[in-house]
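Trainee: One-letter residues, chain by chain:
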Amino acid sequence: MTISRKCVPFTPFDRELSKSTIAIVTAGGVHLKNQEGFNIADELGDLTYREIPPDVDSSELMVTHHHYDHTDADQDINVVFPIDVLRDLQTEGFIGDIARKHIGYMGYTMQLKAMYEGTAPQIANEIDKGSRADAVILTGG
Amino acid sequence: MAVQREIEMKGIPTVLITVSPEVSAQMRPPRALYPKGFKIGNSVGRPGMRDLQKQVLRDALGLLTQNTRPGDFITTEYPDYGEQYEPPRVKKL
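Chains as they are written, first to last, in our numbering: chain A, 1 to 141; chain B, 1001 to 1093.
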């Protein structure tokens, strides 16, 4: 079924935030330092994504992206991947838990069809099958 | 954001934090927060400003429990952020 661009998909949230598990998905090119970086030499844009575990130390994360100034993210990854912020919110009881899996990818691509038909559904699948998230926060760069 | 729509269609509610609302609007996000004046690269705030970042996250997550109209952008202001930036404009045809 093709979905019109005018249509806005919507899943109601019927839970309490304080009992909910939250995942982060960022298009800001975030990945672990020991993972392969995104390919910024590819002019068409890298269509791959990285899985980020929940217990990651923010110092183990970095940004590879050539379409936004990520100086601030290099200093404090939370400005695009708010993992420590989520931990603080969990400690204060605002959210219940942090998801088992988070995703970083490069939002920039010239290959729109491959993104819509490949990467986007793949990321959704990872979140659906592997994260146990009740809701997802998305950030760009 | 095709990714956001795909996740929502899996039955998992989503909220986007965007500093380019006109660009993001083209992808009709189910829920979106625009922290006014934040620059590209600062979705959640400035480096090290943890209290500000926490408030942005609380406001974004808060959209899940509010009765927002799908596709609407909620603009929030954070005086502590400081210098304001203009978001990229999209030419209306």
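No lab work stands behind these hints: they were computed from the structure. Please note: incorrect hints may appear among the correct ones.
Stated by the list, open to error - With a cut-off of at most 20 Å between alpha-carbon atoms, the simulated PhoX-like pairs for lysine-lysine come out as follows: (1) A:K19 <-> A:K113; (2) A:K129 <-> B:K1091; (3) A:K6 <-> A:K113; (4) A:K33 <-> A:K129; (5) A:K6 <-> B:K1039; (6) A:K6 <-> A:K33; (7) B:K1091 <-> A:K6; (8) B:K1039 <-> A:K101.
Claimed, not checked - Just a sample of chain B residues kept apart from chain A, beta carbon distances all over 12 Å, derived: (9) E1006; (10) E1008; (11) T1014; (12) S1020; (13) K1036; (14) Q1055; (15) R1058; (16) L1061; (17) E1077; (18) P1079; (19) K1091.
What the hints assert, rightly or not - Here are the computed distance ranges between Cβ atoms for each label pair: (20) A:L112 <-> B:F1073: 30 to 36 Å; (21) A:G37 <-> B:P1070: 17 to 23 Å; (22) A:M110 <-> B:D1072: 37 to 43 Å; (23) B:R1058 <-> A:L44: 23 to 29 Å; (24) B:Q1026 <-> A:A114: 17 to 23 Å; (25) B:E1083 <-> A:T11: 19 to 25 Å; (26) B:T1065 <-> A:N125: 25 to 31 Å; (27) A:C7 <-> B:V1023: 15 to 21 Å; (28) B:E1086 <-> A:Q75: 19 to 25 Å; (29) B:Q1026 <-> A:R87: 17 to 23 Å; (30) A:A41 <-> B:V1090: 25 to 31 Å; (31) B:F1073 <-> A:T11: 15 to 21 Å; (32) B:F1073 <-> A:S18: 35 to 41 Å.
Don't be surprised by glycine CBs; every beta carbon is placed ideally from N, CA and C.
Trainee: Determine for every hint whether it applies to the structure shown.
Mentor: Checked hints:
no. : hint                           : result
1   : A:K19 <-> A:K113               : violated (37 Å)
2   : A:K129 <-> B:K1091             : violated (39 Å)
3   : A:K6 <-> A:K113                : holds (18 Å)
4   : A:K33 <-> A:K129               : violated (25 Å)
5   : A:K6 <-> B:K1039               : violated (28 Å)
6   : A:K6 <-> A:K33                 : violated (39 Å)
7   : B:K1091 <-> A:K6               : holds (18 Å)
8   : B:K1039 <-> A:K101             : violated (27 Å)
9   : E1006                          : violated (4 Å)
10  : E1008                          : violated (4 Å)
11  : T1014                          : violated (5 Å)
12  : S1020                          : violated (7 Å)
13  : K1036                          : holds (15 Å)
14  : Q1055                          : violated (10 Å)
15  : R1058                          : violated (6 Å)
16  : L1061                          : violated (6 Å)
17  : E1077                          : holds (18 Å)
18  : P1079                          : holds (18 Å)
19  : K1091                          : holds (17 Å)
20  : A:L112 <-> B:F1073: 30 to 36 Å : violated (22 Å)
21  : A:G37 <-> B:P1070: 17 to 23 Å  : violated (35 Å)
22  : A:M110 <-> B:D1072: 37 to 43 Å : violated (29 Å)
23  : B:R1058 <-> A:L44: 23 to 29 Å  : violated (38 Å)
24  : B:Q1026 <-> A:A114: 17 to 23 Å : holds (18 Å)
25  : B:E1083 <-> A:T11: 19 to 25 Å  : violated (37 Å)
26  : B:T1065 <-> A:N125: 25 to 31 Å : holds (26 Å)
27  : A:C7 <-> B:V1023: 15 to 21 Å   : holds (19 Å)
28  : B:E1086 <-> A:Q75: 19 to 25 Å  : holds (23 Å)
29  : B:Q1026 <-> A:R87: 17 to 23 Å  : violated (33 Å)
30  : A:A41 <-> B:V1090: 25 to 31 Å  : holds (28 Å)
31  : B:F1073 <-> A:T11: 15 to 21 Å  : holds (18 Å)
32  : B:F1073 <-> A:S18: 35 to 41 Å  : violated (26 Å)
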